[in-house]
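Going down the list, the protein sequences come from chains R and U. Counting from 1 along the first sequence, just add 78 to a position and that's the residue number in our numbering. Counting from 1 along the second sequence, just add 355 to a position and that's the residue number in our numbering.
Nothing false has been slipped in among the hints.
Computed list of lysine to aspartate or glutamate pairs in EDC-like fashion (alpha-carbon distance at most 20 angstroms, straight line):
1. U/K477 <-> R/D125
2. U/K453 <-> U/D439
3. U/K463 <-> R/D115
4. R/K109 <-> U/E490
5. U/K463 <-> R/E112
6. R/K118 <-> U/D457
7. R/K150 <-> R/E112
Hints were generated in silico from the structure; no laboratory data involved. As the structure is a prediction and not an experimental result, all values here were calculated from the model.
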Amino acid sequence: MADHFVRQGFVVHLVDLRGFGFSGGSHGVAKIEELHDDIKLLLEQVDTDLPLFLYGHSIGASLLASFLMRNKWIHISGVILTSAVFGFAQERNINWMKRSLIRALGGYFEVFKAFRAFSYFFLGSSNFWKNQQHDD
Amino acid sequence: MLSTKATSSRISLKYSGDESKKTKVESVGIIDIDQESEREEFDEQSDEMSLAELEKKEKMKEKAELNKQLDKTFNDISYIFMTDETKFIGEFKTDEYKVTRDYISHTKHLRLHYTKLEHYTKRVASLAIIHGYAEHSARFLEVKCNFSP
Chain R
79 MADHFVRQGF
89 VVHLVDLRGF
99 GFSGGSHGVA
109 KIEELHDDIK
119 LLLEQVDTDL
129 PLFLYGHSIG
139 ASLLASFLMR
149 NKWIHISGVI
159 LTSAVFGFAQ
169 ERNINWMKRS
179 LIRALGGYFE
189 VFKAFRAFSY
199 FFLGSSNFWK
209 NQQHDD
Chain U
356 MLSTKATSSR
366 ISLKYSGDES
376 KKTKVESVGI
386 IDIDQESERE
396 EFDEQSDEMS
406 LAELEKKEKM
416 KEKAELNKQL
426 DKTFNDISYI
436 FMTDETKFIG
446 EFKTDEYKVT
456 RDYISHTKHL
466 RLHYTKLEHY
476 TKRVASLAII
486 HGYAEHSARF
496 LEVKCNFSP
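Between the sequences and the hints, there should be enough to build the whole structure, so can you do that?
Here it is, written out as structure tokens:
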């Protein structure tokens with residue numbers, strides 16, 4: 079994918095978020111705000127002269143969505159989100175007990191929200207962001 | 356063809372004692388013969404179709420060769436990154452673009468592995484890729500997903 083984009087003339091920037099790949103940090107314990115800091119750090123490496131496009135996949139897409147909603151000052155030309163986890167996957171038939179647990183506890187445990195909850199609870203404990211994404 | 360004949364004859368000999376079963380076996384043998392004739396017809400049709408299939412195969416081969424040529428440099432880089440530990444960090448040049456691998460950090464205690472791919476001449480836009488759960492950035496180097504037709 080990166081090879082394809084760079085051949086088209088894109089300057090491609092890739093990063094391992096904390097706890098993933100060759101980066102430091104423990105896996106699966108990062109908070110949303112910490113992962114947002116990693117995205118910020120990545121965007122600091124980008125040339126401001128060129129138009130900026132963001133691509134997020136899976137939990138990265140959800141992170142990008144929440145990051146952009148909290149940082150509206152960032153000037154971007156476009157966003158690509160693939161397989162974003164914005165809600166419960168209907169085809170997986172998640173048990174109602176798990177759903178209720180996630181909904182009940184997702185607002186209190188950040189790690190739980192980030193990696194096990196598949197709802198807009200992971201945007202944070204504030205209702206403002208939840209409502210905003212719901213409206214979007 | 357020979358195998359089907361052999362099997363039908365072998366089965367008929369096996370059940371020669373019982374007449375009711377023998378008739379059934381004979382019918383099975385007849386069916387086998389019909390299948391053989393159908394197969395011969397199918398072979399004739401397949402000979403006619405083979406020219407079109409060959410053309411398709413040749414086109415597929417040509418496409419595969421082109422893809423190999425296009426991805427040769429990329430494959431080499433991916434292979435080098437996976438096997439050669441000395442090329443973990445640094446600048447690597449290919450025919451078309453430059454790859455930079457380095458660590459970036461905003462605190463002293465945490466470093467993030469960062470990769471940048473930049474074309475020598477073309478500079479259209481910047482693209483920042485955020486990987487998903489149970490993934491890492493190098494996966495987006497390996498996965499070949501061409502959006503162009």
